[in-house]
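Position one of the sequence shown corresponds to residue 14 (the working numbering), numbered consecutively onward.
Source of the hints: derived by calculation from the structure; they are not laboratory data.
We put the beta carbon where it would ideally sit given N, CA and C, even for glycine.
One should not assume that every hint holds.
Dumping the calculated SDA-like pairs for lysine to any residue here, alpha-carbon to alpha-carbon at most 25 angstroms [what the hints assert, rightly or not]:
{"id": "1", "residue 1": "K97", "residue 2": "K45"}
{"id": "2", "residue 1": "K59", "residue 2": "G120"}
{"id": "3", "residue 1": "K97", "residue 2": "D113"}
{"id": "4", "residue 1": "K97", "residue 2": "S27"}
{"id": "5", "residue 1": "K116", "residue 2": "P56"}
{"id": "6", "residue 1": "K116", "residue 2": "G101"}
{"id": "7", "residue 1": "K59", "residue 2": "W102"}
{"id": "8", "residue 1": "K45", "residue 2": "N15"}
Distance ranges between label pairs, derived from CB positions [said to hold, decoys possible]:
{"id": "9", "residue 1": "N94", "residue 2": "P173", "range": "44 to 50 angstroms"}
{"id": "10", "residue 1": "Q154", "residue 2": "R82", "range": "25 to 31 angstroms"}
{"id": "11", "residue 1": "T163", "residue 2": "P83", "range": "32 to 38 angstroms"}
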Amino acid sequence: MNLHFSAIESLWQSLWRVQGAECGDQEKLLSKSSLFVLCKCEPIQKFVQRADYQFYQNLVDVLIPDVLRPIPSSLTQAIRNFAKSLEGWLTSAMQGVPEDMVKVKIGAVSAFAQTLRRYTSLNHLAQAARAVLQNSSQINQMLADLNRVTSTTSRQEALPALPDRNVVAAYQTPTEISPDV
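Please work from the sequences and hints to get the whole structure.
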């Protein structure tokens, strides 16, 4: 699967009229100077911000429709690399653009990149947990480890840290967790 993530860089360069980028008929329809004048208008900035956040959320929904569902590692890595590149690509493409618009765009793309990183990390964690939970010997070992941590052990370890030793006495007697629960 090739999602052509790198095409975003050239699209941004074209949109923001980076020197040497293929701008085609865009310059005839809206000159760079007119575009930059519009970028200074606060209502335009707010509109762009709302549109960017909505667009980026839609992209997240397409790229990672269910964060708990397994994603191929190649796609996960491609998404992570894409997220790492986004802010640099946009910053480079927006050289010379009015600063307020740059802040709006960078803020939105940074949030998008962070969301992608968090979702891919959560997905990786879910896949690791799924692998552990499908292994009965690991579950039994975790249960045995948990049962070794008794209330008595916890009290003994907590006692030196508590200013009022009567608090520890309020604990109930140790209980064990059984696999039947």
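Now for the hints, and whether the structure bears them out:
no.: 1; hint: K97 <-> K45; result: violated, 28 angstroms
no.: 2; hint: K59 <-> G120; result: holds, 12 angstroms
no.: 3; hint: K97 <-> D113; result: holds, 23 angstroms
no.: 4; hint: K97 <-> S27; result: holds, 21 angstroms
no.: 5; hint: K116 <-> P56; result: holds, 15 angstroms
no.: 6; hint: K116 <-> G101; result: holds, 13 angstroms
no.: 7; hint: K59 <-> W102; result: holds, 22 angstroms
no.: 8; hint: K45 <-> N15; result: violated, 32 angstroms
no.: 9; hint: N94 <-> P173: 44 to 50 angstroms; result: holds, 48 angstroms
no.: 10; hint: Q154 <-> R82: 25 to 31 angstroms; result: holds, 27 angstroms
no.: 11; hint: T163 <-> P83: 32 to 38 angstroms; result: holds, 37 angstroms
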